[in-house]
Amino acid sequence: MENMKRFKKLSIAVATVTALGFAAAVKAQMVKIDGSSTVYPISEAVAEEFQKAKKGKIKVTVGISGTGGGFKKFCRGETDISDASRPILEMEMKACAEAGIKYIELPVAYDALTVVINPKNTWIREFKVEELKKMWEPAAQGKITRWSQVNPSWPDAPLKLFGAGSDSGTFDYFTDAINGKEKASRGDYTASEDDNVLVQGVSRDVNAIGYFGLAYYVENKDKLKAVPIVNKGSTKAVSPGIETVMDGTYQPLARPIFIYVSEKAMARPEVKEFVEFYLRQGAKLSKEVGYVPLGKQHYELALKNFKAGKLGTGFGGKAEVGVKLDDLLRREAKL
Amino acid sequence: MSDATAVKVREIRALIARHKRWDIVFGTIGVLSLMIGVLTFTVLFLDMLIDGAPRLTWDFLTSFPSRKPGQAGILSAWVGSTMVMIVTICAAVPLGVGAGVYLEEYAPKNWMTDLIEINVTNLAGVPSIVYGLLALGLFVYQFGLGQSVLTAGLTLALLILPVIIVATREAIRSIPAAIREGSYALGATKWQTAAYHIIPYSLPGILTGVIIGLARAIGETAPIITVGALTFIAFLPPAPLQAEPPFISFEWLLSGFTVMPIQMFNWTSRPEAAFQSNAAAAGVVLLVMTLSMNALAIYIRYRLRKNIKW
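Chains A and B, in that order, give the protein sequences.
Residue numbering for the first sequence follows our numbering, starting at 104 and increasing by one per position.
Residue numbering for the second sequence follows our numbering, starting at 226 and increasing by one per position.
Among the hints, erroneous ones may be present.
To be verified - As a list, the in silico PhoX-like pairs of lysine-lysine whose alpha-carbon atoms are at most 25 Å apart:
{"hint": "1", "chain 1": "A", "residue 1": "LYS324", "chain 2": "B", "residue 2": "LYS293"}
{"hint": "2", "chain 1": "B", "residue 1": "LYS293", "chain 2": "A", "residue 2": "LYS155"}
{"hint": "3", "chain 1": "B", "residue 1": "LYS293", "chain 2": "A", "residue 2": "LYS387"}
{"hint": "4", "chain 1": "B", "residue 1": "LYS293", "chain 2": "A", "residue 2": "LYS157"}
{"hint": "5", "chain 1": "B", "residue 1": "LYS293", "chain 2": "A", "residue 2": "LYS390"}
{"hint": "6", "chain 1": "B", "residue 1": "LYS293", "chain 2": "A", "residue 2": "LYS326"}
{"hint": "7", "chain 1": "A", "residue 1": "LYS155", "chain 2": "A", "residue 2": "LYS410"}
{"hint": "8", "chain 1": "A", "residue 1": "LYS263", "chain 2": "A", "residue 2": "LYS157"}
{"hint": "9", "chain 1": "B", "residue 1": "LYS293", "chain 2": "A", "residue 2": "LYS160"}
{"hint": "10", "chain 1": "A", "residue 1": "LYS162", "chain 2": "B", "residue 2": "LYS293"}
{"hint": "11", "chain 1": "A", "residue 1": "LYS328", "chain 2": "A", "residue 2": "LYS237"}
Bear in mind the hints are in silico, worked out from the structure with no lab data behind them.
Here the structure is a predicted model, which means the values were calculated and not measured.
Could you build the full structure based on these sequences and the hints that come with them?
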């Protein structure tokens with residue numbers, strides 16, 4: 104019985120203190136970011152540096168919900184900034200418009216995909232986009248299984264394909280750029296959302312070919328060979344690298360990645376300060392985490408757009424292969 | 226001894242020998258089955274330990290995540306995991322035990338009770354992501370709890386609730402009927418019987434269920450991501466104890482958070498090899514957390530068992 108009484112007293116005490124505890128809650132200065140896992144490393148780096156610079160006075164959190172998941176939260180007004188590895192789509196624009204969320208679209212870096220082969224592969228010097236299409240298009244499923252079927256001058260060896268899983272932005276972009284349609288790909292290849300698995304796969308098999316983000320190739324240069332790509336209508340093979348991505352010659356496998364800042368959040372000084380910090384430090388920090396920075400003039404232009412409060416997207420709700428940033432940042436933006 | 230008897234004895238001996246051989250065969254199969262589990266675990270653990278050992282320093286435990294693998298730590302992750310577990314225990318144990326006791330002691334035996342029982346048992350097999358989606362709709366949006374420690378803790382509590390209910394019922398059933406009857410014979414009410422006999426005696430068994438449930442909950446990623454755990458968070462939730470009145474703050478319950486499995490998953494998908502060692506080291510820490518949580522529960526169970534005098 105003694106126990107019971109004590110229990111009752113305790114529970115009343117806990118309830119009272121709980122109520123008091125919640126009442127005392129004070130809102131701290133906070134910047135909330137969520138979205139693409141591709142943009143995450145850059146946002147993480149900027150958040151880390153920003154908090155250091157502000158000595159922890161402003162708190163920044165970064166989540167990974169994927170570009171689509173991020174926009175869902177963003178358009179419900181739950182986040183201040185949305186990381187996106189592709190432009191906002193029509194459906195998402197509509198959701199945002201309905202909720203009265205306006206935003207600014209800011210490119211922060213380039214994400215370049217690399218096509219890699221095993222270092223012991225002797226027959227590949229370059230890939231034409233058409234050849235890649237022949238290997239990866241949906242029609243190739245079950246039919247194109249040997250290198251010689253793609254190009255008769257290549258050996259009659261089994262073709263082992265390694266690629267991104269269908270939930271990743273990398274997959275969306277590769278299929279769009281190579282096969283001409285988003286998510287249109289053959290399904291009979293080794294797929295993984297974890298690029299390290301693909302690195303392992305290609306590095307162990309002479310007959311393998313795979314694609315993933317440039318950063319993964321840079322970290323595993325000793326185990327892999329990156330293949331120069333010949334774009335459609337071009338004759339020059341271009342190797343992936345910081346210079347070729349920045350000057351726009353490495354196409355179609357390089358794309359800008361974005362952050363979207365909500366107009367409401369911009370009114371808060373901590374968010375404004377954070378975004379400006381992002382664009383000023385973007386070049387240095389994106390390079391540090393393995394991404395290709397934009398040109399200096401692009402960051403300046405983006406900063407100008409941000410300060411001018413240029414709302415909307417330059418894409419009009421559709422992804423676009425081979426977009427030029429100079430052009431994009433000056434386009435009429437739509438909400 | 227006649228020949229017939231000798232033959233019979235020989236037959237019986239042969240029979241015994243054959244049965245003993247089966248004994249050995251089954252024993253061997255049993256040991257092998259056990260070894261497959263134990264060896265796989267040992268190899269995985271050692272592999273992880275070797276990968277992670279260089280990163281297992283005090284700094285690793287007291288640093289926030291960073292883009293530089295050498296400076297990155299798991300402070301926000303282990304604090305987050307601990308807080309979420311506390312909420313889970315506080316919610317799941319009373320609810321689970323209450324439901325279990327009701328079903329065993331109070332519930333009338335009819336088709337409704339049967340239906341509930343079947344559902345509770347089946348709930349244990351529902352994929353965790355489903356709980357995540359439920360929690361997103363219910364806790365995050367309906368109740369407005371946000372993407373907080375409280376939401377995550379309650380989600381995981383729901384997830385392990387069936388395990389605790391089932392364990393509670395099993396534990397109650399193992400109590401000899403004489404104890405219950407003795408209590409009733411002395412004029413005790415149902416509640417008195419439950420509070421003074423049934424629950425104390427079944428606590429060790431309930432704790433086993435709690436251990437199993439929590440071990441599952443601490444490693445869950447899918448429902449936690451669904452309810453909106455963060456990945457990068459370089460500050461700790463407000464401390465529960467404060468210097469100024471009212472001294473205790475529950476603000477931490479509504480704070481954003483991350484947990485160990487999410488931090489590990491994030492590191493394994495990074496290009497730099499050094500992050501892989503971080504992930505391994507975090508794995509070792511997570512395992513130690515699980516083991517110490519279990520050790521605590523086992524210790525309590527041991528203490529409680531000593532008090533049972535029948």
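Quick rundown of the hints versus the structure:
no.	hint	in the structure
1	A:LYS324 to B:LYS293	holds, 20 Å
2	B:LYS293 to A:LYS155	holds, 14 Å
3	B:LYS293 to A:LYS387	holds, 14 Å
4	B:LYS293 to A:LYS157	holds, 19 Å
5	B:LYS293 to A:LYS390	holds, 13 Å
6	B:LYS293 to A:LYS326	holds, 23 Å
7	A:LYS155 to A:LYS410	holds, 24 Å
8	A:LYS263 to A:LYS157	violated, 50 Å
9	B:LYS293 to A:LYS160	holds, 22 Å
10	A:LYS162 to B:LYS293	holds, 19 Å
11	A:LYS328 to A:LYS237	holds, 21 Å
Checked against the numbered hints above, the structure breaks only hint 8 and satisfies the rest.
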